[in-house]
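S.K.: As a plain string of letters, each chain reads:
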Amino acid sequence: MADVVFDHASRVYTVGAKPAVNRLDLEIAEGEFVVLVGPSGSGKSTALRMLAGLEEIDDGEIRIGGRNMVGVPSRDRDIAMVFQNYALYPNKTVGDNMAFPLKMRGVDKATQQEKVRAAADILGLTDYLDRKPKALSGGQRQRVAMGRAIVREPQVFLMDEPLSNLDAKMRVSTRTEIAAMQRRLGVTTVYVTHDQVEAMTMGDRVALLADGKLQQFATPSELYDKPANAFVAGFIGSPAMNLFTLPVSAEGVRMGSSELRLPREVLSRIGGHERVTLGIRPEQWAVADGVGGHGSSSGVKAQVDVVEELGSDAYLYAHLDDEAQTAVVVRTAGRSGAHRGDQIVLTPTSEELHLFDADSGDRL
Amino acid sequence: MAAPTTERPASTSETRELAPAHRGNRAGPALLTVLTWILGIGFFFPILWMVLSAFKKETDAYTSPPTLFFTPTLEQFQTVFSSGIGPYLLNSLFATVMSTVFVLLFAVPAAYAVSLRPVKKTQDVLFFFISTKMLPVVAAIVPIYVVVNNIGMLDNIWTLVVLYTAMNLPIAVWMMRSFFQEVPKELLEAASMDGASLWRSMREVVLPVVSPGIAATSLICVIFAWNEFFFAVNLTAATAATVPVFLVGFITSEGLYFAKLCAAATMCALPVVIAGWIAQNKLVQGLSFGAVK
Numbered sequence: 001m002a003d004v005v006f007d008h009a010s011r012v013y014t015v016g017a018k019p020a021v022n023r024l025d026l027e028i029a030e031g032e033f034v035v036l037v038g039p040s041g042s043g044k045s046t047a048l049r050m051l052a053g054l055e056e057i058d059d060g061e062i063r064i065g066g067r068n069m070v071g072v073p074s075r076d077r078d079i080a081m082v083f084q085n086y087a088l089y090p091n092k093t094v095g096d097n098m099a100f101p102l103k104m105r106g107v108d109k110a111t112q113q114e115k116v117r118a119a120a121d122i123l124g125l126t127d128y129l130d131r132k133p134k135a136l137s138g139g140q141r142q143r144v145a146m147g148r149a150i151v152r153e154p155q156v157f158l159m160d161e162p163l164s165n166l167d168a169k170m171r172v173s174t175r176t177e178i179a180a181m182q183r184r185l186g187v188t189t190v191y192v193t194h195d196q197v198e199a200m201t202m203g204d205r206v207a208l209l210a211d212g213k214l215q216q217f218a219t220p221s222e223l224y225d226k227p228a229n230a231f232v233a234g235f236i237g238s239p240a241m242n243l244f245t246l247p248v249s250a251e252g253v254r255m256g257s258s259e260l261r262l263p264r265e266v267l268s269r270i271g272g273h274e275r276v277t278l279g280i281r282p283e284q285w286a287v288a289d290g291v292g293g294h295g296s297s298s299g300v301k302a303q304v305d306v307v308e309e310l311g312s313d314a315y316l317y318a319h320l321d322d323e324a325q326t327a328v329v330v331r332t333a334g335r336s337g338a339h340r341g342d343q344i345v346l347t348p349t350s351e352e353l354h355l356f357d358a359d360s361g362d363r364l
Numbered sequence: 001m002a003a004p005t006t007e008r009p010a011s012t013s014e015t016r017e018l019a020p021a022h023r024g025n026r027a028g029p030a031l032l033t034v035l036t037w038i039l040g041i042g043f044f045f046p047i048l049w050m051v052l053s054a055f056k057k058e059t060d061a062y063t064s065p066p067t068l069f070f071t072p073t074l075e076q077f078q079t080v081f082s083s084g085i086g087p088y089l090l091n092s093l094f095a096t097v098m099s100t101v102f103v104l105l106f107a108v109p110a111a112y113a114v115s116l117r118p119v120k121k122t123q124d125v126l127f128f129f130i131s132t133k134m135l136p137v138v139a140a141i142v143p144i145y146v147v148v149n150n151i152g153m154l155d156n157i158w159t160l161v162v163l164y165t166a167m168n169l170p171i172a173v174w175m176m177r178s179f180f181q182e183v184p185k186e187l188l189e190a191a192s193m194d195g196a197s198l199w200r201s202m203r204e205v206v207l208p209v210v211s212p213g214i215a216a217t218s219l220i221c222v223i224f225a226w227n228e229f230f231f232a233v234n235l236t237a238a239t240a241a242t243v244p245v246f247l248v249g250f251i252t253s254e255g256l257y258f259a260k261l262c263a264a265a266t267m268c269a270l271p272v273v274i275a276g277w278i279a280q281n282k283l284v285q286g287l288s289f290g291a292v293k
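Those sequence lines, one after another, are chains X and A. Start counting the first sequence at 1; every next residue gets the next number (UniProt numbering). Start counting the second sequence at 1; every next residue gets the next number (UniProt numbering).
No wet-lab data here; the hints were simulated from the structure. We put the CB at the ideal spot given by N, CA and C, even for glycine. Incorrect hints may appear among the rest.
[What the hints assert, rightly or not] Pulled from the structure, derived: some chain A residues nowhere near chain X, Cβ distances all over 10 angstroms: (1) 29; (2) 122; (3) 193.
[Stated by the list, open to error] Under the rule of at most 27 angstroms between Cα atoms (straight-line distance), these lysine-lysine pairs were calculated in the DSS-like manner: (4) X/18 / A/133; (5) A/185 / X/134; (6) X/18 / A/57.
From just these sequences and the hints, can you work out the full model?
M.R.: Set out below in structure tokens:
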């Protein structure tokens, strides 16, 4: 087990072009489960592959257990990786697949067998040790790939979207299994995903990347409650946070024809800005019937376009009555009774509104 | 989540539509089958005639239409053997096996490099390889003859081994390249993370995956080398001549004896057919990439 440090680590594919990973700084503690998340092209996979030794580190350093990894080949880094497509050796049996890293390190046959059996036991693969990978289901293959990683007892586990080839149900159960196993083994783990639900549920801490740059590195709840910028705010949470860029007025912000009054504490943070980006999560709205034209004095009018009933709750997709017909998402209790075309009045319920600089996107 | 529910009804209605259409058109496939058989037999007939004639007496071989029922005899094969095909067979075997081994020794690493570790000029290199096949061999035979003569290698089987290796190498590199490109690069990455050196990941991971490709490539090399005539007839004489050279000589001397000729031709063709049959078992195993996709 070891800690992992990205110290201004950069990867530049073409000289002069934008770096795929741009001066990334991360300090991952021993035994920690860190998820790298971001949209495609954000550099999260490249960052993982740099740590794996599959991509060069063009600038800066990556250290595992204090040792600088620049120029160190993958096989000497004492790390194990689970690939998105599992990368099992098709000609070898499950047992031989799992024993391969031990065999390559000159571990004797008896120990190999013992360790493979132990890992197969944990993963429920004991009955499949003599099968070839192609005779296994997707979930089983995924577990063999996990097995091949854990028999090694490496310093660091790397996982590159290991769940994306599984069906939705399997993904949820395997998610829990992987998180539980990581906690039990206590091995430092770096996990890459584009799925923010995976990131939020699995990681001790989550690093959100966009355009090769680190946006925020924090615990899941901090990421949700205090997004560092508008990008993080929009990326974390499903449905996504409503983000409006609005002109500032005396008592709040102007939203379409109505004025959204903001608490004094929030107003003080706006300072001298003329325009701000206001973030309101879908669950931070109170919905009132808008017919009759009155309603809450600080609310905004909107018209419902689509209602998604999920059972426990419902999502209302609506548009405001401003010029741009800004889209807005509202989460309400299930069986909301709302219908397409309904006029509603929306009022922010929480004082925990998110304000961002309209130009830089930074949190105010 | 919504995808499977929308997909299912679509697929059932598709099968429902397909079934009646299929039933109404039964005559079509039957006609196609008959046509295929006629074509197949048409192609196979000369070979069948050759093999059958090889087992006939000379008197039976001349009848028209050819007799299908006769007492088979090995007489013709014995005559061919006693006329000295043995050394020619051995020469062909040596040149074919050795050149194929050399081709694989060079082509597999070369194809690995151009497909899995490409560099800027890889495309140019590949084009250079295939460009060597553009010049007609006839155009190159004079300089080749002069060189071989000057180094005293005329009528030497190693000359053919070298030439056949050079002749098949570009094709083998191109063929193996396409098989190597099918190897998911994650397999190599996984092997290197698991601690395998280049050599071990090649031996333990890559080669087993591309083995059907190696079988296919070997088969092509064997066929081309075994059937090669032009170099053999121009650069060899008594000592290093191969089977095709023998067969041509046989036609000149025994051209009127059909049955004997057919026996000789059958014996020439047989090794390639056997090689194809052996390779086929490996080929039909298919590319077992299911485990990584």
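S.K.: Please go over all the hints and tell whether each is borne out by the structure.
M.R.: How the hints compare with the structure:
Even its closest Cβ contact with chain X, about 32 angstroms, leaves residue 29 of chain A beyond 10 angstroms, as expected for a residue assigned away from the interface. Its beta-carbon lying about 18 angstroms from the closest one in chain X, residue 122 of chain A satisfies the requirement of being farther than 10 angstroms from that chain. Non-interface call for residue 193 of chain A relative to chain X: violated, since the shortest CB-CB distance, roughly 5 angstroms, does not exceed 10 angstroms. The straight-line distance between the Cα atoms of residue 18 of chain X and residue 133 of chain A is roughly 43 angstroms, outside the 27 angstroms bound, and the hint therefore fails.
Simply put, residue 185 of chain A and residue 134 of chain X have alpha-carbon atoms about 18 angstroms apart, close enough for the 27 angstroms limit, and the pair holds. Between residue 18 of chain X and residue 57 of chain A the alpha-carbon distance is near 81 angstroms, which puts this suggested pair outside the 27 angstroms criterion.
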